[in-house]
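Student: So the chains spell out like this:
Protein chains: 2
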Amino acid sequence: MVRQRLIKLYGLSEPRIAEIFVKLQGKPADAVLGFYPHFPENHITISLQGEDEPTVTAELDQVQAEIFSLVGDYIFSTGNQEMEEVVGRLLTERGKTISVAESCTGGLIGHRLTNVPGSSDYFCGGVVSYSNQSKVDILEVSGETIKKYGAVSDETAQEMARGIRERMKSDLGLAVTGIAGPDGGSKDKPVGTVYIGMSSAEEVFSRRYRFWGRRKQIKLNTSMMALDWVRRYLNGDPILSGI
Amino acid sequence: MVRQRLIKLYGLSEPRIAEIFVKLQGKPADAVLGFYPHFPENHITISLQGEDEPTVTAELDQVQAEIFSLVGDYIFSTGNQEMEEVVGRLLTERGKTISVAESCTGGLIGHRLTNVPGSSDYFCGGVVSYSNQSKVDILEVSGETIKKYGAVSDETAQEMARGIRERMKSDLGLAVTGIAGPDGGSKDKPVGTVYIGMSSAEEVFSRRYRFWGRRKQIKLNTSMMALDWVRRYLNGDPILSGI
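Chains C and E, in that order, are what the protein sequence lines are.
Using numbering that gives the first Met the number 0, the letters of the first sequence map in sequence onto residues 0 to 242.
Using numbering that gives the first Met the number 0, the letters of the second sequence map in sequence onto residues 0 to 242.
Be aware that a few hints might be false.
To be verified - Taking lysine-lysine pairs in the DSS-like style, the calculated list, with each CA pair at most 25 Å apart, reads:
hint	chain 1	residue 1	chain 2	residue 2
1	C	K147	C	K186
2	C	K146	E	K168
3	E	K146	C	K168
What the hints assert, rightly or not - Distance ranges between label pairs, derived from CB positions:
hint	chain 1	residue 1	chain 2	residue 2	range
4	C	D60	E	G117	44 to 52 Å
5	E	P181	C	Q132	37 to 45 Å
6	C	S12	E	K168	38 to 46 Å
7	E	R93	C	S185	28 to 36 Å
8	C	F67	E	S141	46 to 54 Å
9	C	L5	E	T56	43 to 51 Å
10	C	L32	E	G212	34 to 42 Å
Derived from the structure by calculation, the hints contain no laboratory data.
Every residue gets a Cβ at the ideal spot worked out from N, C-alpha and C, and that includes glycine.
With the hints as constraints, model all of the structure from the sequences given.
Tutor: This is the structure in structure tokens:
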């Protein structure tokens, strides 16, 4: 019998994935590893042949454990789950609610979260603050902050994350602001520059990213990173610093 | 030489599409029509063979004109444009801005509108009011309305459309509220029941729809119908009453 397992990762570059393959070579000898880039995710499959179900499952578990020991933080699914399903399950398990303030993603994060049946139990809602005025009016981002640091900045991302959390009375507030292109980039903040912010009752923090690709790819990658922040945060894993 | 044209329709049932094919049979004799359901859109292709470009183009235009005379209101693209590109072009041409209040679509309408480069010129932003509280707090839907008619109702859709327009200071306000399922349906309002509302400076109106399918399909169909409303409104075409 042959059994296969699908492991989904996000946030690792392909050369780093290649290293895993080198390290795993030949343990066990009959494991066949497959690599499938599935933008912006990376998928690894483990195929194993064996006499019976328990033996094959045990061997699959062993290979999976090896991969976890190398890059566990980057693995978001060992079944065939989407990132939004994983995040939904974690929010449910932890009894936490979330809301989102989206600029460059235009609603994609909320759309993904609400693709999951039952998401109304943990998703309170969101604001798509495409204009600066809406950031000020609805999210209570200070006009001074936008003037001083720009709408695409750590400061604005943090105020958005704080604002949406307060507005929606949720446990977590997630915010993204960036330049999806093709226009709007500058030397300091080229197309693909994105700030992600998160707020809880205890803290507010943000990070800068630079994503590559066209408009839809930048939006997709931003939504993926933002959702991965929630996954990592709820798992107690370190938030990614750059990609 | 052979030339093909792609005509995209939305809102016609397949039996009604079949009628077009019967009526168009043999005019002109060498036109080959193709039908491709592309949920939730329907695509028709016209293929024609001829001596030279001008002759073939004239014949394609003739067949296209015949299709327009039968079901012109339902055609949203004769190039290869997405609905959101068509809506974006119309908003730009008319010099109008829009904002969206989304419940069951969770952000999908905003996501689609912002897939179009330059959409920040006409898209002010949106609110994903997944909870009743956010409908009241941010969109200023009256708690009384929700209590009396329900969150999924003509009245709530209209107040959402009015609220988002005022909040975002846009020319048009678009709102959707519905039951995407699999849970939440009732005898009166089964899964797939959706209300779409629209507001302008002059008027506010709404309609009830019943969409079929699973959660993602109901969300997609709702976003499509809402965007088609904008297209029809800006074209001066009648808004669809049911589907």
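Student: Confirm or reject each hint.
Tutor: The hints, checked one at a time:
{"no.": "1", "hint": "C:K147 x C:K186", "in the structure": "17 Å, holds"}
{"no.": "2", "hint": "C:K146 x E:K168", "in the structure": "21 Å, holds"}
{"no.": "3", "hint": "E:K146 x C:K168", "in the structure": "21 Å, holds"}
{"no.": "4", "hint": "C:D60 x E:G117: 44 to 52 Å", "in the structure": "51 Å, holds"}
{"no.": "5", "hint": "E:P181 x C:Q132: 37 to 45 Å", "in the structure": "38 Å, holds"}
{"no.": "6", "hint": "C:S12 x E:K168: 38 to 46 Å", "in the structure": "43 Å, holds"}
{"no.": "7", "hint": "E:R93 x C:S185: 28 to 36 Å", "in the structure": "31 Å, holds"}
{"no.": "8", "hint": "C:F67 x E:S141: 46 to 54 Å", "in the structure": "52 Å, holds"}
{"no.": "9", "hint": "C:L5 x E:T56: 43 to 51 Å", "in the structure": "49 Å, holds"}
{"no.": "10", "hint": "C:L32 x E:G212: 34 to 42 Å", "in the structure": "37 Å, holds"}
The earlier numbered hints are all upheld by this structure, with none contradicted.
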